[in-house]
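Each chain, written out:
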Amino acid sequence: MVSTAETIQRIRRSRFNWVDMFLNALRIGAIVFIAVGLVGTIVKFVGGEGPSAEAWRDLVVGGLAQGAAYGLIALGYSMVYGVLGFINFAHGEVFMSGAMTSFFMASYFFDTGLWVSNFVLALILVIISATLTATIVAVLVERIAYRPLRDAPRLIPLITSIGVSFFLQYSAAFLFGISNKSVPQPPSWLLSKVDLFGLGWLRLEATKLLVIAIAVVSMIALYLFVERTRTGRSMRAVAEDKEIAALMGINVDRTIVTTFAVGGAMAGIAGSLWALLFRGVSFDTGFLPGIKAFTAAVLGGIGNLVGAMLGGVLLGLFEGVGPLLILDGWGIPGVSQLKDVVAFSALVLVLVFRPTGLLGERLSEDERG
Amino acid sequence: MKRKRMSTLVAGMLALALVAAACGGAEPPTAGPLGQVEIADGEAIQIRSFNAITGDVSFLGIPNQRGVELAIQDYGEILGHPISMGTGLDDLCSADGGQAGAQTIVSDPQIIGVIGTSCSGAAGAAMPLISDAGLVMISGSNTSPALTSDLAGTAASDYHPGYYRTAHNDLFQGKAVAQFAYNELGMRNAGVIHDGDLYTFGLSSAFQEAFEELGGEVSVFTAVNKGDTDMTAVLTEIAAGSPDMLFTPTFPPEINFIAQQIGGIAGMEDVTLIGADASLVDNFLEIPEAEGWHHSGPDTRFGANQNSLTGVSGDDFLSAYESTYGEAPSAPFWAHSYDATTMLLKAIEDSATDVDGTLYVDRQGVRDALNAISLDGIIGPITCDDFGDCGAQLITVIRNDSPSDVEAAKQNVVYEFAP
Chain E
1 MVSTAETIQR IRRSRFNWVD MFLNALRIGA IVFIAVGLVG TIVKFVGGEG PSAEAWRDLV
61 VGGLAQGAAY GLIALGYSMV YGVLGFINFA HGEVFMSGAM TSFFMASYFF DTGLWVSNFV
121 LALILVIISA TLTATIVAVL VERIAYRPLR DAPRLIPLIT SIGVSFFLQY SAAFLFGISN
181 KSVPQPPSWL LSKVDLFGLG WLRLEATKLL VIAIAVVSMI ALYLFVERTR TGRSMRAVAE
241 DKEIAALMGI NVDRTIVTTF AVGGAMAGIA GSLWALLFRG VSFDTGFLPG IKAFTAAVLG
301 GIGNLVGAML GGVLLGLFEG VGPLLILDGW GIPGVSQLKD VVAFSALVLV LVFRPTGLLG
361 ERLSEDERG
Chain F
1001 MKRKRMSTLV AGMLALALVA AACGGAEPPT AGPLGQVEIA DGEAIQIRSF NAITGDVSFL
1061 GIPNQRGVEL AIQDYGEILG HPISMGTGLD DLCSADGGQA GAQTIVSDPQ IIGVIGTSCS
1121 GAAGAAMPLI SDAGLVMISG SNTSPALTSD LAGTAASDYH PGYYRTAHND LFQGKAVAQF
1181 AYNELGMRNA GVIHDGDLYT FGLSSAFQEA FEELGGEVSV FTAVNKGDTD MTAVLTEIAA
1241 GSPDMLFTPT FPPEINFIAQ QIGGIAGMED VTLIGADASL VDNFLEIPEA EGWHHSGPDT
1301 RFGANQNSLT GVSGDDFLSA YESTYGEAPS APFWAHSYDA TTMLLKAIED SATDVDGTLY
1361 VDRQGVRDAL NAISLDGIIG PITCDDFGDC GAQLITVIRN DSPSDVEAAK QNVVYEFAP
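Chains E and F supply the protein sequences, listed in that same order. One point on numbering: in the numbering used here, the residue at position 283 of the first sequence is 283, and numbering is uninterrupted. One point on numbering: in the numbering used here, the residue at position 297 of the second sequence is 1297, and numbering is uninterrupted.
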């Protein structure tokens, strides 16, 4: 006779084996798919077909610039998740408010002539005002929409955040109209290519380099703020355990507001970089980058700051290079249309290989909520 | 059996009519295979406007509907009967909207014809119903080749008898762009970007076919998604084919991003850029990078062209439009809708029989009259081919030399096409 417990054990074991087998098959399939695509593209490249070496270089730089923006936005998702344990879906709209402010400020400076006469000063003012606006929007959203729900189950603020997202998006549509707004053209030195380190082959677009540089500086500043300052330490303490942090004399509410403010500021910087990079802003500008940045945060390991930055940069890179590097090798027509497919497949693949994300830690049942 | 009974019925009716005639009254005419509409003394002739008057595309549908209103006003009465378009119906620029509106239309037996739809997608869904009910529909702004024919005598997949249009067929626009690029600019290798939309895909394919027929090569035929912002990848894909021109009938904002980012792509610096009527709007034309772009589109220099039925010229229409509605039209297809309406009214007039003040309009008669129609419209000469393409098919290409003065850019015609 086989006991019931043993039967259950056996069924459980066999089911687990099936899942494992499926996952393994998926992993092997993915590796084979990518490898064949790569080989196809390399064969094409050696044969003189497909994008040139310069084109590949530009794709990589373009991907890095876009990824840097994703990374900055992803920080906000990751920080709020770390502290409050829910995904703030309105964060994409905080980013949009920064981009929108950049458009208005840039147009204003263009009209007054500062944009042309002293572009650097104008750009600094644009970034500062975008950062301020986004910070204010993020803090207001926390104060009005999330603080009253502090003790509610986590699903409630999550759904609220979706509502806030729609509210902000359509408020912008109502206030500024639904048409696409074109940010004025930056001066020609920024549109041209710079020969980096005088190497000759490293001629890169100045705009993209500037975007990457500003993003890197902001990320380092944020990292130092969280790791080296008292406020940063209290943020980490609140993320660890709210009650014990309160017992230690940390003002939890204020720390949470700081978290939103810092996340909002990063999104604001990302907004002005976006406006500089793509020079087009509309009320729904925040939607897709918001989703992508959330993807980046999960890809890097949600709750982990370096992970969010890394995830953003990698996602931008996958998205920029992936379609041509892997799908084109398979001879698929119109690969650029599959950019988003590549980005989200990258997420699935990373999670298949590393369920916690690249730098994420395995959370206990309790912490996952 | 049924046929026999029908002919007995007709014979009986004829006999009755003879009796009636003998008694001094005039007899109603015999109805054709699609039936006839009886309009009692003093009642209005019913037609409908069926355009995209709400939502994103209302910039197109509202001037269309107003074109119908003004045409009815200018045409006057038909044999003593006024003309009514009822309340303007909305095609919602979608297949759903097309079908729902068509249901409303066919449920009213007094309606003879429809001016619409604004969008090709709506027409595809509306026409089966409208055609079966024996009505006619004339569109002022559908351009999809799928609605009429391949221009070589074969009906397209969504063609239904009773469909007519005064807008151009995009096969002509594709051909116009191809001829301009190949013959005038000397282009031999083209890249093409569409966005998956029926209109952009249809026009891109038409261009590809015409360009290859001339001897050119389309090295890369690809697409972006609506909502994409980073065009680096798609432009790199295009650059890999080392083309000397790029044709993209996409809408703003995607085309704005293409124009702004193309300068940074290795190998795309000297490529000639051509867009279509989708980007012939201020939102695109005014950005600095739009300078030097070419745009194909319907010839909108209507100016002195007169509609031979009403005597109204393009300029007359525009001043009437501004004084009636307090603004200038937001899209150029008002002219096509105006001509379409006069065409329909003329066909009704030609096929109507007046019997003691009661008007009988034969539905097949209306179709026959439209097939045979020949008039000068605001858009140019109008005659219909066997599959309902009636437009003047005049296409122009403009070159944008002045993003700071959009109106001047729109007038800067560098190529004219007539089939």
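To be clear, the hints were calculated from the coordinates, so they are not data collected in a lab. Any given hint might turn out to be false.
Just the calculated beta-carbon pair ranges, DEER-fashion [claimed, not checked]:
1) E:Ser107 / F:Ala1372: 51 to 57 Å
2) E:Trp330 / F:Glu1322: 55 to 61 Å
3) F:Gln1411 / E:Ile124: 40 to 46 Å
4) E:Leu288 / F:Leu1375: 48 to 54 Å
5) E:Ile178 / F:Asp1401: 27 to 33 Å
6) E:Ala53 / F:Gly1227: 28 to 34 Å
7) E:Ile178 / F:Tyr1325: 47 to 53 Å
8) F:Tyr1325 / E:Val306: 56 to 62 Å
9) F:Lys1226 / E:Leu175: 52 to 58 Å
10) F:Ser1374 / E:Trp330: 52 to 58 Å
So these bits of chain E aren't anywhere near chain F, every CB distance computed over 10 Å [what the hints assert, rightly or not]:
11) Ala55
12) Ser171
13) Leu191
14) Leu288
15) Gly320
16) Pro333
Don't be surprised by glycine CBs; every beta carbon is placed ideally from N, CA and C.
Results for each hint:
no., hint, result
1, E:Ser107 / F:Ala1372: 51 to 57 Å, "holds, 56 Å"
2, E:Trp330 / F:Glu1322: 55 to 61 Å, "holds, 56 Å"
3, F:Gln1411 / E:Ile124: 40 to 46 Å, "holds, 41 Å"
4, E:Leu288 / F:Leu1375: 48 to 54 Å, "holds, 49 Å"
5, E:Ile178 / F:Asp1401: 27 to 33 Å, "holds, 29 Å"
6, E:Ala53 / F:Gly1227: 28 to 34 Å, "holds, 31 Å"
7, E:Ile178 / F:Tyr1325: 47 to 53 Å, "violated, 22 Å"
8, F:Tyr1325 / E:Val306: 56 to 62 Å, "holds, 59 Å"
9, F:Lys1226 / E:Leu175: 52 to 58 Å, "violated, 23 Å"
10, F:Ser1374 / E:Trp330: 52 to 58 Å, "holds, 55 Å"
11, Ala55, "violated, 5 Å"
12, Ser171, "holds, 19 Å"
13, Leu191, "violated, 6 Å"
14, Leu288, "violated, 6 Å"
15, Gly320, "violated, 6 Å"
16, Pro333, "violated, 7 Å"
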